[in-house]
Amino acid sequence: MARIDAHHHCWRYLPQDYPWIDDSMSVLQQDYVPAQLRPLLAEHGLDGAVVVQARHDIRETDWLIARSADEAGVHGVVGWLDITAADFEETLALRRSGLCGLRHQVQDDADPAARLERDDVARGMVQLQREGLCWDLLVTHRHLDAAARFAARHDGHWLVLDHFGKPDIPRGAAHWAEQVAPLAALPHVACKLSGLVTEAEWGNWQAAELLPFFRAAVDLFGPERLMFGSDWPVCLLSAEYRQVYRLCETALAPLNERQRAAVWGGTASRIYGLTEASDGSVS
Numbered sequence: 001m002a003r004i005d006a007h008h009h010c011w012r013y014l015p016q017d018y019p020w021i022d023d024s025m026s027v028l029q030q031d032y033v034p035a036q037l038r039p040l041l042a043e044h045g046l047d048g049a050v051v052v053q054a055r056h057d058i059r060e061t062d063w064l065i066a067r068s069a070d071e072a073g074v075h076g077v078v079g080w081l082d083i084t085a086a087d088f089e090e091t092l093a094l095r096r097s098g099l100c101g102l103r104h105q106v107q108d109d110a111d112p113a114a115r116l117e118r119d120d121v122a123r124g125m126v127q128l129q130r131e132g133l134c135w136d137l138l139v140t141h142r143h144l145d146a147a148a149r150f151a152a153r154h155d156g157h158w159l160v161l162d163h164f165g166k167p168d169i170p171r172g173a174a175h176w177a178e179q180v181a182p183l184a185a186l187p188h189v190a191c192k193l194s195g196l197v198t199e200a201e202w203g204n205w206q207a208a209e210l211l212p213f214f215r216a217a218v219d220l221f222g223p224e225r226l227m228f229g230s231d232w233p234v235c236l237l238s239a240e241y242r243q244v245y246r247l248c249e250t251a252l253a254p255l256n257e258r259q260r261a262a263v264w265g266g267t268a269s270r271i272y273g274l275t276e277a278s279d280g281s282v283s
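Numbering (full-length UniProt numbering), first residue to last: 1 to 283.
Honestly, the hints are just simulated from the structure, not real lab data.
Possibly wrong hints are sitting among the right ones.
Stated by the list, open to error - Just the calculated beta-carbon pair ranges, DEER-fashion:
hint, residue 1, residue 2, range
1, D70, L255, 31 to 37 Å
2, W63, D109, 19 to 25 Å
3, Y13, D87, 25 to 31 Å
4, N204, R153, 14 to 20 Å
5, H175, T250, 18 to 24 Å
6, A114, R246, 36 to 42 Å
7, D31, R149, 35 to 41 Å
8, D111, E201, 25 to 31 Å
9, Q30, D109, 24 to 30 Å
10, P212, L94, 28 to 34 Å
11, R153, R246, 36 to 42 Å
12, W63, M1, 36 to 42 Å
13, T250, M1, 19 to 25 Å
Using N, Cα and C, we set each Cβ at its ideal position, and we do this for glycine too.
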């Protein structure tokens, strides 16, 4: 079974294109391209990765689709398209073969809960799920209740909760488990074991602080609805790739081989519709 990093980013950095990258994130203020990721995948025995949008711009989506076609190591694209647009169905059709899902950075909206309730968003979700494409759900712990209501209304295909739903780390894993339980109860919702190190104090987290969140996720979602994601290069704000990988590896050690294989690639391959090619890569 292919081993997949289910969440990373690439960009050609221009400050006006990525305003969320401020001066406290200087390590991100440069280009990141697939060629830089390949050695990290190889070092950790990973066969491929899913690249995820980082700005609300169709031009980035088209660039990511082109990179996935041209570059080894990029085997799925979760892009951005305006699902509220009148021509969304046509825009999606032109790019359908290059995508495994879409995402909108709901956490950055002025009122995330209100966006998730919008009628035009609902219409777009119906069209997206009819096409058999996933939706990556990016919210913080402040809007997990709204995310659960949204997910309950849109059960035509998979929804993927990014970054554990960005827990409030100081309040602990038990509090997070209570918040995320309604989402986990929905069988069409999966969760990425990603992004936790940047929700903790940057560069000053301890494994003992974060491992309980992994254990709670396993209990709530089960390995068949969990997938590893590095969130590289954003993870570099708080940890090196190897640290993120080892944290997940430690968390999964109590599981059996089949369960670990699901988290390390089986879930991502199944949910995102990735298929194993003859050369052993995932495309």
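Quick rundown of the hints versus the structure:
no. : hint                    : result
1   : D70 / L255: 31 to 37 Å  : holds, 36 Å
2   : W63 / D109: 19 to 25 Å  : holds, 23 Å
3   : Y13 / D87: 25 to 31 Å   : holds, 29 Å
4   : N204 / R153: 14 to 20 Å : violated, 39 Å
5   : H175 / T250: 18 to 24 Å : holds, 22 Å
6   : A114 / R246: 36 to 42 Å : holds, 39 Å
7   : D31 / R149: 35 to 41 Å  : holds, 39 Å
8   : D111 / E201: 25 to 31 Å : holds, 28 Å
9   : Q30 / D109: 24 to 30 Å  : holds, 27 Å
10  : P212 / L94: 28 to 34 Å  : violated, 44 Å
11  : R153 / R246: 36 to 42 Å : holds, 38 Å
12  : W63 / M1: 36 to 42 Å    : violated, 30 Å
13  : T250 / M1: 19 to 25 Å   : holds, 21 Å
Taken one by one, the earlier hints fail for this structure at numbers 4, 10, 12, listed in ascending order.
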